[in-house]
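Chemist: Mind assembling these two chains? They're in different frames, but the hints should get you there.
Chains as they are written, first to last, in the working numbering: chain A, -2 to 431; chain B, 5 to 249.
Rather than coming from a laboratory, the hints here were simulated on the basis of the structure. Be a bit skeptical, because a hint or two may be false.
Unchecked claim - Some chain A residues well away from chain B (every beta-carbon gap over 10 Å; in silico):
(1) 21
(2) 61
(3) 275
To be verified - Taking lysine to any residue and the SDA-like style, the derived pairs with C-alpha atoms no more than 25 Å apart in a straight line are:
(4) 197/B to 100/A
(5) 198/B to 298/A
(6) 100/A to 247/A
Every residue gets a Cβ at the ideal spot worked out from N, C-alpha and C, and that includes glycine.
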Amino acid sequence: MSKTGQSWGRYPQADQTIISISDRHAALPSVAGSALPHGNGRSYGDSCLNDGGTLLHARALDRFIAFDPQTGVLECEAGVLFSEILDLVVPQGWFLPVTPGTKFVTVGGAIANDVHGKNHHKAGTFGRHVLSLELLRSDGSRRTCSPEHHPDWFAATVGGLGLTGLITKATIQLRRVAGPWMSGEVHRFKDLDGFFRLSQASDRDYEYTVAWIDCASEGNALGRGIFTRANHAPAHPDSRPTAPSRRLRVPFTPPISLINPLSLRAFNTLYYHRQRESVGHLTMHYEPHFYPLDGIGDWNRIYGPRGFMQYQCVVPPTRSADCMETLVKTIAASGEGSFLAVLKQFGDVPSPGLLSFPRPGATLALDFPNRGPRTLALLDRLDDIVANAGGAVYPAKDARMPGKYFKHYFPAWESFSPYIDPKFSSSFWRRVTE
Amino acid sequence: MQKVVIIGATSAIAEATARLYAARGAQLFLIARNATRLTDIAADLRVRGSQEVFHASLDVNDLDAHAHVIEQAWAALGSVDVVLVAHGTLPDQAQCESSVEVALKEFSTNATSTIALLTSMAPRFEAQRSGVMAVISSVAGDRGRQSNYLYGSAKAAVSAFASGLRQRMAKVGVNVLTIKPGFVDTPMTREFKKGALWAKPDDIARGIVRGADRGRNVMYLPFFWLPIMLIIRHIPEFIFKRIKL
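Isolated chain B, as found in the complex (with noise of 0.2 Å):
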C-alpha cells in the first residue's frame, strides 16, 4: 500500500491527485492551511477508497512550524512513498510591482517555503533510501514574463531547486519529479477566459501520478507545453522585450 503525504492538498490539482492515490487504497497524509476544507476532503477520500487519511493544518508561510508537521506525517505514517508539494497562490503582477511587501510575501508562499519544506524532508527520504519528491513548479518559471514574472520567478527558483536536489537525491534511490503544468481551469484562474490549451486539475493528475509511477524526472503537462516552452525559452532577447506574453 502506498503511503502519500500531500502538502496544499485543498488546491484542484492535489485534490484530484489525492482521488487517483485514494483509489489505489493509498494511506494519505494531508497539509493545508484551511481546516474545514482538509475535513471534507478527508472524508471525501475515504470513500473514494483511502485506506487512512490523516491530516494536519499549516501556513506553509509559518516556517518554524514546518518540522512539527512533518514529524506527524512521518509518526502517521511510517515511512513515505511519495510527497507532492502543490500549494501556491498566483500573485496580483501589478501590486507585486506596487509593494514590495506583496512582492516579498508572494514569493515566500511560491518558492521560500516549497525550498523550506524540500529541504527539512530531503534527509528523511535519504534516511529511506526510496521514495517519490514530487513538487509542482510552473512553465511560468520557465521564462519571465511581463505579466506575471513574479510567479515566474518564485517557480523559476523552485525548478532550479528541484534539479540540484534530483542530481544529490538520484545517488540514494530518491527521485525529485518536478511538474511544469501550463494554464489548469482551477479556482487559482477563475477570472481567466478559457481557450484550447487550458487542461482540467484531472488531466494534470493523471500526469503527476504517472510521473511518480514511472520515475519521470521533469514532466510539462500537458505534453505540449514541451514544444511550447522550448521556443519561448530560445527567442533572443531583443526580440523577446519586444513582445507582450
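Bound conformation, chain A alone (with noise of 0.2 Å):
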C-alpha cells in the first residue's frame, strides 16, 4: 500500500490500487471496480480515498501550458502544485488569486474542494477565479467546461470532489502584487465579542483576515484569541524578510499523539502570550503569512499512529455569534481541545460550486487528535449544533460526518448526483449517500 494513497489526516485508512496520470492526451485508464482523482493527498479526511477501488494519482500531471505575464492568465495541467505556481509568478509580479492554508495542494485538487482562503470576504473561492477548465470522462468524451460554455458541467465540477470526471488542465486568472512580502497588524482579543468586532472593522480595508482562538481555556479566557489582518505590501516595504530558508521535518511517527489535552492548554496558553502587546505591526514574507504549518514537513505525524480529525463548519451571520460561542463551550468543556482552531468571516460573494461549501457566515477550523469513540461523540455534538444554526461542514476535511447532515448541509447533491462518471466514486460520497 503506497503512502500516497493517504489521506491528510491519516484516518481512515484505505486499501487501493493507484495507477499514476501523466499524459493529459491519453484516455483514461481502464480499471475494474471504481476510479478517484487524487491530487497531493491533502484533503483531511476520506474525499481523497477510494477504498477498495483505484486512485488516478495526477500529481505527474504538472507541466505549465502558457503563462502571460502582462495578464496574469495561467494555463496549467491539473496536478501543478500552488508551490509551484508562486515559485514562477511571484518573481514576476502575480500571486494565487485564493489560497487555502497550505502550498502543497494541486491545481485539479483546489477545484475539486471549490477552496477558499483568508481573503473569501473579498475574493470568494479558487472556483471563482479559474477562467476554464478541461473534464476527461471515462467514457473518453473531454469537455472544455467555463462559467460559459457547459455551464452545468463548470458548477458540478468545481467543489465536485473529483467525481465528475478527470480534470487534466485550467486556465487561472492570477491577481497583481508589488513583491512577495505582506503588511498588516495582530491585534489580541478577549473573547468572542472581541473577535467579531475586529472583524466587522476589517473586512473592508484588509484583503486577508483571519484568527487563531484558544480552545482550551475554560471560564473567562474562553473564546481568547489573535486577530490578524494583512494586505500584500507595496513594493518598498519598510523592511524585506526573507523566506524562512531551513524546512523542518517531523522525521517519524511518535507511538502516541504528542496532542493531549496537558500540552494542549500549555500551547494554547503560551500562544495567546507569546504577543506582548495587545496590537502588533507586521511586515512580513508571504510563506510564513500564509503557510505557517508548510514549514514543518509531516507535521500530520505529531499526532501519533491513529491521525487525527478535521472539523470545519460554516454558520450564517444571524447564529455566527451564539452558535460560535456554543461551540467553543462545547469543546473547551470536553476536554479534547484543538491545537488549531481557525475562525474567520467568509463574505457574501457567491461560490460558483454546486456542492461549494464557503457560504456567507463564520466559519471555524480545529483539529483533534483521533481518540476513537470520544472524538466521534465530540463531533457528533457539534453537527447537531451546526445544522440546527442551518450551517454545513466541510467535506474536504470531513471523515464521518453522518449521511443525513451531508445531505441537509449540500441539498444540492441531488441535482449534482447526475454529473457524477459512472466510473468514478469515492470513500466519502459512498459513506454519506448509501
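Modeler: Here it is in C-alpha cells:
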C-alpha cells in the first residue's frame, strides 16, 4: 500500500490500487471497480480516498502550458502544485487569487474542493478565478468547461470532489502584487465578541483576515485569541524579510499522539501570550503569513499512528455569535481541545460550485487527535449545533459526518448526482449517500 | 546563455533536468519519439524560463535518421554546451531470454543507438573544443545480474564506450560525463515496489546538472550507490552465482 494513497489526517486507512497519470492526452485507464482522481493528498478525511477501488494519481500532470505576464492568465496541467505556481509567478509580480493554508495542493484538488482562503470576504472561492478547465470522462469524452461553456458541468466540477471526471488542465486568473511581502497587524482579543468587532472593522480595508482562538481555556479566557489582518505590501516596504530557508520535518510517527489535554493547554496559553502588546504591526514574507505549517514537513505525524480529524463548519451570519459561543464552550468542556482553532468570517461572494462549502457566515476550523468514540461523539454534538443553526460542514476535511447531515448541508447533492462519472466514486461519497 | 541538447527528452529524468536548465534561461533542443509530448514539454519549459525551445521527433533505432536530427540541433543552436543522452527502456528480462529478436531490439535501443549518437556528435564537439557529453548509463551496467542482464549488458557497453570516449575527448577539452542512477521512481519503473533506496527524478536531475557544471567524470546517483556497487562488483563469481540479485 503506497503512502500516496493516504489522506492528510491519516484517518481513515484505505486500501486501493494506485495508477499514475502523466499524459493528459491519453484516455483514462480502464479499471475494474471505481476510480477517483487524487492530487497531493492534502484533503484531511476520506474525500480523496477510494477504499477497495483505484486512485488516479494526477501529480505527474505537472506541466505549465502558458503564462502571460502581462495579463496574469496561467494555463497549466491539473497536477501542478500551488507552491510551483508561486515559485514561477511571484518574481514576475503575480500571486494566487485565493490560497488555502497549505501551498502543497494541486490545481485540480483546489478546484475539486473549491478551496477558500483568508481573503474569502473579498475574492470568494478559488473556483471564481478559474477561467476554464478541461474535464476528461471515463467514456473518453472531453469538455472544456467555464462559466460560459458547459456552465452546468463547470458548476458540478467546481467543488465536485473529483467525482465528475478527471480535471486534466485549467486556466486561472492570477492577481497582481508588487512583491513577496505582506504588511498588516496582529490584535489580541479577549473573547468572541472581540473577534466579531475586529472582523467587522477590518473586512473593508484588509484583503486577508483570520483569527486563531484558544480552544483549551474555559471561564473568563473562553474564546480569547489573536486576530491577523494583512494586505500585500507595496513594492518597497519598510523591511524586507526573506522566506524561512530551513525546512524542519517531523522525522517519524511517534507511537502516541503528542497532542493531549496537557500539551494543548500549555500551547494555547503560550501562544496567546506570545505577543506582549495587544496590537502589533508586521511586515512579513508571504510564506510564513499564508503557510505557517508548511515550514514543518509531515506535521500530521505529531498526532501519532491513529491520525487526527479536522472539523470545519460555517454558520449563517444571524446565528454566528451565539453558535460560535456554544461550539467553543462544548469543545472546551469536552477536554478534547484543539491545537489549531481558526476562525474567520466568510463574505457574501457567491460560490460557483453546486457542492461548494463556503457561504456567508462565520467559519471555525479545528483539529482533534483521533481518540476513537470520544472524538466521534464530540463531533456529532458539534454537528447537531451546526445543523440546527442552518450551517454546513466542509467535506474536504471530513471523515465522519453522518449522511443525513451531509444531505441537509448540501441540498444540491441530488441535482449534482447525474454529473458523477459512472466509473467514479470515493470513500466519502459512498459513506454519505449510501 | 547555455545551449543544451536532450535526447530522450520525454523521459522523467530528462524532463526534470530540462526544467533546471530552463530555469537558468537555457536554450534547449529536445529530441524524442512522441511529438505530442515533446510539444507539451516544450511549452512547459518556455513558461519556466527557457529562452528558446526547439524540438524534433526521432526514433533512436532509426539510425539513418540520426545525422539529420543532429544537424538540425546544431543549426538551431549554433554550438552546444551540454548534450544529455537520456533515452532508454527497461526490458522484460524473461522476454529477452525467450526471444533473440526482443533481446537484440532492446540492446539496440539501450546501447547501439546511444553509441551511434555519441559517435555522430563527437566530431562536432571536437571541432568546438568545448562542451559536456553526458550519458545516462546505470548501476545495472556494473555487473550482470540474472534479474536484468540484458539491460545490464547494454548499460555496460554504454559505460565502457563513454570511458573510452572520455579519454579521447579530454585532449580537446570536452568532458564526457557518465551518469549511473540507481533505482528511480519513474514511469519506467512503475511496476516495482518502492523502498528506501528509491530516488526521485528531481534528485537525479540536480546531480546531472551539478556534474555537468563541475566537469565530473562518473557519477553514481544518489552517491550511496558508489559503495553499494563497489561491494557488488567485488563479490567473487563462485559466490555471486549462488545468490539472487
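Chemist: Of the numbered hints stated earlier in the document, which are not met by this structure?
Modeler: Those not satisfied are hints 1, 2 and 4.
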